[in-house]
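**Student:** Residue-level listing of the chains:
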Amino acid sequence: MAEYSALSLLKNALSGNKDWKPAWRKPEPKPSYDVIIVGGGGHGLATAYYLAKEHGITNVAVLEKGWLGSGNIGRNTTIVRSNYLLPESIRFYDFSVRLWENLSHELNYNVMFSQRGILNLAHSPAQADEYIRRGNAMCHGGGDGVWLTPEEIARKVPGVDLSASARFPVVGGLLQPRAGTARHDAVAWGYARAADRLGVDIIENCEVTGFLREGDTIIGVTSTRGEIRARKVAIAVAGSTSRVLRLAGIERFPIESHVLQAFVSESIKPYLDCVVTFGGGHLYMSQSDKGGLVFGGDLDGYNSYAQRGNLPLVEEVMGEMVAMFPAVARLRLLRSWGGVMDMSMDGSPIITKGPLPGMYLNCGWCYGGFKATPASGFSFAWTIAKDEPHAINAPFTLSRFERGAVIDEKGVGPTPKLH
Amino acid sequence: MLIPCPHCGPRDLAEFSYQGDATRVRPDPASTDMKAWYDYVYNRPNPSGPHREYWQHSGGCRAHLVVVRDTLSHEIISVAFAHAGLNTAEGRQ
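Protein chains in written order, with my numbering: chain A, 119 to 537; chain B, 328 to 420.
I should point out that these hints are in silico values taken from the structure, not numbers from a laboratory. The model shown is predicted, which means the values in this text are computed figures rather than measured ones. Just so you know, not all the hints are guaranteed correct.
[As the list claims (entries may be wrong)] Not close to chain B: a few residues of chain A, all C-beta gaps over 12 Å, as computed:
| id | residue |
| --- | --- |
| 1 | Tyr-122 |
| 2 | Lys-171 |
| 3 | Asn-228 |
| 4 | Pro-287 |
| 5 | Arg-301 |
| 6 | Tyr-389 |
| 7 | Gly-410 |
| 8 | Leu-452 |
| 9 | Gly-522 |
[Unchecked claim] Cross-link-like lysine to aspartate or glutamate pairs, in silico, DMTMM-like; alpha carbons within 20 Å at most:
| id | chain 1 | residue 1 | chain 2 | residue 2 |
| --- | --- | --- | --- | --- |
| 10 | A | Lys-171 | A | Glu-506 |
| 11 | A | Lys-136 | A | Glu-146 |
| 12 | A | Lys-408 | A | Asp-391 |
| 13 | A | Lys-535 | B | Asp-366 |
| 14 | A | Lys-183 | A | Glu-345 |
| 15 | A | Lys-535 | B | Glu-380 |
| 16 | A | Lys-148 | A | Glu-325 |
| 17 | A | Lys-183 | A | Glu-325 |
| 18 | A | Lys-535 | B | Glu-342 |
| 19 | A | Lys-144 | A | Glu-322 |
| 20 | A | Lys-471 | A | Glu-172 |
| 21 | A | Lys-171 | A | Glu-219 |
| 22 | B | Lys-362 | A | Glu-369 |
| 23 | A | Lys-535 | B | Asp-348 |
| 24 | B | Lys-362 | B | Asp-348 |
| 25 | B | Lys-362 | A | Glu-520 |
| 26 | A | Lys-171 | A | Asp-247 |
| 27 | A | Lys-139 | A | Glu-322 |
| 28 | A | Lys-139 | A | Asp-303 |
| 29 | A | Lys-535 | B | Glu-417 |
| 30 | A | Lys-171 | A | Glu-224 |
[Said to hold, decoys possible] Non-contacting residues of chain B with respect to chain A, defined by C-beta distances greater than 12 Å in every case (computed):
| id | residue |
| --- | --- |
| 31 | Gly-336 |
| 32 | Pro-337 |
| 33 | Gln-346 |
| 34 | Gly-347 |
| 35 | Pro-354 |
| 36 | Asp-355 |
| 37 | Pro-356 |
| 38 | Ser-358 |
| 39 | Lys-362 |
| 40 | Asn-373 |
Idealized CB from N, CA, C, for every residue including glycine.
Chain A extracted, bound-state conformation (with noise of 0.2 Å):
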């Protein structure tokens, strides 16, 4: 029987609830693993289980400085999609996808995957040709692209100004079918579960506060819970990455740390059952499914590790939503916060053994990490415990941006606040 199903829910029901075990067990912490994963959040703990599962590798410790989902896990907009342009993306984006097809039967629980569609507003012919250029990209990669006209929106979504005198009439629109949203914490939660179950130790508020190393080799890490060893180090640490690769000695990395901004309103009647992004700028919000409107923009433009913004960003994603629907300019904001980006020097993730002998590296996935979680963790898995990359990451080196062969969806060069 499985952990969790109708079954157990009625059997502990009849128990009084008390015989449910904890998600995850709290163990005191080895003195060697054959793998560390340095961060506890979605991509980490991903890691951690498709090690122990597609590699058997379950001598694995998973080292979180907080809780376990208090970084980005917890602070993004849930969105999963693969509306890519480039080749290298949209395979992996679309691996992704299709991985979180099968995530809550695969880890037995529900990490309520909803595939309600992503819809990109298009705000002039200019822009049309290029969705219509990225839906067939789309297409060609093997996925879902289709586009719609201002009459089609109209009927998928009623809320959304389409009057000839909005600020940016819309023209059309992107839709990807198959993208959707998650419950974000119940990834972190499945994930770690799952992992907990297969023998990894799970090990919170355990900083790593410094390399053990013999010669050049990493040959483990120095923590607030002491010294833990492992041939393998893995990092997986998002908007931390330079000050934790820092630790290392390694002073200069292509990555610059910037602050994401995030909200959510009062929660109303169901009103909008897709997500949808303004092409007028840079929003995209969904509806949760206790009513409350998710949304965000931007990032605030400058280098941060202080997981809060400014209030000028806030104004320029409310007027922007305001523009797109009328409707909810009366509505209550609820909560915002903010968490650190590692954003890449080209906008595209960095999944790769080294720098150092002995460690391996996942990081650079700017405001796109959500949605990765499954294909990260299990390429970086691959990675690891092959000492070579999957197809699907191999692209994704460190090594890119010294040889030219950067993956620049933008177009934008090496300027993170524009990724």
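Please build the complex by placing chain B on the supplied structure of chain A, with the hints as guidance.
**Tutor:** Chain B alone, transformed into the frame defined by chain A:
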């Protein structure tokens, strides 16, 4: 976040444009050292703590500024004109 522009006084963040790390040094344009160019174009120290960075007061006096700002707290530690000569009274003459 208020940035105290040395010309206009404390002004709202919305008036300024961010132009990134001010510690980067461009290699000699004649240099063919690819490592040096790679390091200049792509690598950043990205510190958590004081960060020396360029801002332009694009919605005000349009001066280019060098700001030292704490990336953990957003506290502004110092502000000066990017053109070093403008930082003295004689230089501004």
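**Student:** Against each hint, give a clear statement of whether it holds in the structure.
**Tutor:** Against the structure, the hints:
no.: 1; hint: Tyr-122; result: holds (39 Å)
no.: 2; hint: Lys-171; result: holds (34 Å)
no.: 3; hint: Asn-228; result: holds (36 Å)
no.: 4; hint: Pro-287; result: holds (26 Å)
no.: 5; hint: Arg-301; result: holds (30 Å)
no.: 6; hint: Tyr-389; result: holds (30 Å)
no.: 7; hint: Gly-410; result: holds (27 Å)
no.: 8; hint: Leu-452; result: holds (24 Å)
no.: 9; hint: Gly-522; result: violated (9 Å)
no.: 10; hint: A/Lys-171 - A/Glu-506; result: holds (18 Å)
no.: 11; hint: A/Lys-136 - A/Glu-146; result: violated (25 Å)
no.: 12; hint: A/Lys-408 - A/Asp-391; result: holds (13 Å)
no.: 13; hint: A/Lys-535 - B/Asp-366; result: holds (19 Å)
no.: 14; hint: A/Lys-183 - A/Glu-345; result: holds (14 Å)
no.: 15; hint: A/Lys-535 - B/Glu-380; result: holds (13 Å)
no.: 16; hint: A/Lys-148 - A/Glu-325; result: holds (15 Å)
no.: 17; hint: A/Lys-183 - A/Glu-325; result: holds (4 Å)
no.: 18; hint: A/Lys-535 - B/Glu-342; result: holds (17 Å)
no.: 19; hint: A/Lys-144 - A/Glu-322; result: holds (8 Å)
no.: 20; hint: A/Lys-471 - A/Glu-172; result: holds (18 Å)
no.: 21; hint: A/Lys-171 - A/Glu-219; result: holds (18 Å)
no.: 22; hint: B/Lys-362 - A/Glu-369; result: holds (15 Å)
no.: 23; hint: A/Lys-535 - B/Asp-348; result: holds (12 Å)
no.: 24; hint: B/Lys-362 - B/Asp-348; result: holds (19 Å)
no.: 25; hint: B/Lys-362 - A/Glu-520; result: holds (8 Å)
no.: 26; hint: A/Lys-171 - A/Asp-247; result: violated (43 Å)
no.: 27; hint: A/Lys-139 - A/Glu-322; result: holds (18 Å)
no.: 28; hint: A/Lys-139 - A/Asp-303; result: holds (19 Å)
no.: 29; hint: A/Lys-535 - B/Glu-417; result: violated (36 Å)
no.: 30; hint: A/Lys-171 - A/Glu-224; result: holds (11 Å)
no.: 31; hint: Gly-336; result: holds (18 Å)
no.: 32; hint: Pro-337; result: holds (14 Å)
no.: 33; hint: Gln-346; result: violated (9 Å)
no.: 34; hint: Gly-347; result: violated (7 Å)
no.: 35; hint: Pro-354; result: holds (14 Å)
no.: 36; hint: Asp-355; result: holds (19 Å)
no.: 37; hint: Pro-356; result: holds (18 Å)
no.: 38; hint: Ser-358; result: holds (16 Å)
no.: 39; hint: Lys-362; result: violated (8 Å)
no.: 40; hint: Asn-373; result: violated (4 Å)
Hint compliance for this structure: hints 9, 11, 26, 29, 33, 34, 39 and 40 are not met, and every other hint is.
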